[in-house]
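J.: The chain contents come next:
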Amino acid sequence: DTGVSQNPRHKITKRGQNVTFRCDPISEHNRLYWYRQTLGQGPEFLTYFQNEAQLEKSRLLSDRFSAERPKGSFSTLEIQRTEQGDSAMYLCASSPKTSGGLNTGELFFGEGSRLTVL
Amino acid sequence: AQSVTQLDSQVPVFEEAPVELRCNYSSSVSVYLFWYVQYPNQGLQLLLKYLSGSTLVKGINGFEAEFNKSQTSFHLRKPSVHISDTAEYFCAVSAGAQKLVFGQGTRLTINP
Numbered sequence: 616d617t618g619v620s621q622n623p624r625h626k627i628t629k630r631g632q633n634v635t636f637r638c639d640p641i642s643e644h645n646r647l648y649w650y651r652q653t654l655g656q657g658p659e660f661l662t663y664f665q666n667e668a669q670l671e672k673s674r675l676l677s678d679r680f681s682a683e684r685p686k687g688s689f690s691t692l693e694i695q696r697t698e699q700g701d702s703a704m705y706l707c708a709s710s711p712k713t714s715g716g717l718n719t720g721e722l723f724f725g726e727g728s729r730l731t732v733l
Numbered sequence: 019a020q021s022v023t024q025l026d027s028q029v030p031v032f033e034e035a036p037v038e039l040r041c042n043y044s045s046s047v048s049v050y051l052f053w054y055v056q057y058p059n060q061g062l063q064l065l066l067k068y069l070s071g072s073t074l075v076k077g078i079n080g081f082e083a084e085f086n087k088s089q090t091s092f093h094l095r096k097p098s099v100h101i102s103d104t105a106e107y108f109c110a111v112s113a114g115a116q117k118l119v120f121g122q123g124t125r126l127t128i129n130p
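Residue numbers (the numbering used here), protein chains in the order written: chain P, 616 to 733; chain A, 19 to 130.
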C-alpha cells in the first residue's frame, strides 16, 4: 500500500495561467475526494467521485475548476485562468468501502499540492 | 447540512499535562465522527473515529474521544501530552457517509 499520491507537490504560476493537479488514490478505494485548505483553516470540500462518477460538487467551486476521474482510478483537478485567491493547498483523499459494502466517509489523505498564484 | 465547531483555535499546555480539545457538531441525521492530526508540513492523519458502538473511542498516540449524542459533542483528550503532540487537530463529521465536513482546527502547542 503506497498511500495516496499527489503531484506536483508545489506549483507556482502567474495569474491567468492554467494548472492541473493529479491524484493517485489507494488502489482498492472506490471514492476519491478533493479538498482545499488555506492557512489556518480546515479542509474545505470541493468535489468527490465514486468510481468514475462525480457525485457532488461544492457550490463554492467556480466554473474555472474541473475535475475528472476517467477510468475510476487516478483523478485530475484543473484550474483555468488562475487567480491569486486560488492560492491554497489542494488535498486529495480516497475512501474505501467497509466489509459490509458501505462507505463511512473515513478519508486517507495525500500530502497535498501547494499552489501559489503570483 | 452538517457543521462542526471547534471551540478553541489555540490551546497551549505544558508537557505532561492533560489536554482536552473541544468539538461540537450539528446534524439532522446519524453521524460518523473523526479526529485528524496535521503535523507541520505533513498531510492529515487519522487519530481516531467513532462509527458505532462504545461512545469512548481510543486512537493512536494515547488519544481518546467520547461521543456524546445529547450534547452533540466529540471532545478529544489525552492524559499527558508530549512535545511531539504539537500539531493542528481537526474534528470532522460525516452524515449519510457522503463527505467529511471539517472544523476550523485547534492548534495544540506543548511548552516544556
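Treat the hints with care, since some could be wrong.
Derived DSS-like pairs (lysine-lysine); straight-line CA-CA distance at most 30 Å [unchecked claim]:
#	chain 1	residue 1	chain 2	residue 2
1	P	Lys712	P	Lys629
2	P	Lys672	A	Lys76
3	A	Lys76	P	Lys626
4	A	Lys87	A	Lys76
5	P	Lys672	P	Lys626
6	P	Lys629	P	Lys672
7	P	Lys686	P	Lys712
8	P	Lys712	P	Lys672
9	A	Lys87	A	Lys67
10	P	Lys686	P	Lys672
11	A	Lys87	P	Lys712
12	A	Lys67	P	Lys712
These are computed hints drawn from the structure, not numbers from a lab.
J.: It remains to establish, for every hint, whether it holds in the given structure.
T.: These are the hints, each one checked on the structure:
no. : hint                  : verdict
1   : Lys712(P) / Lys629(P) : violated, 40 Å
2   : Lys672(P) / Lys76(A)  : violated, 33 Å
3   : Lys76(A) / Lys626(P)  : violated, 38 Å
4   : Lys87(A) / Lys76(A)   : holds, 17 Å
5   : Lys672(P) / Lys626(P) : holds, 24 Å
6   : Lys629(P) / Lys672(P) : holds, 26 Å
7   : Lys686(P) / Lys712(P) : holds, 18 Å
8   : Lys712(P) / Lys672(P) : holds, 21 Å
9   : Lys87(A) / Lys67(A)   : holds, 15 Å
10  : Lys686(P) / Lys672(P) : holds, 19 Å
11  : Lys87(A) / Lys712(P)  : holds, 25 Å
12  : Lys67(A) / Lys712(P)  : holds, 15 Å
Consistency with the previously given hints fails for numbers 1, 2, 3, ordered from lowest to highest.
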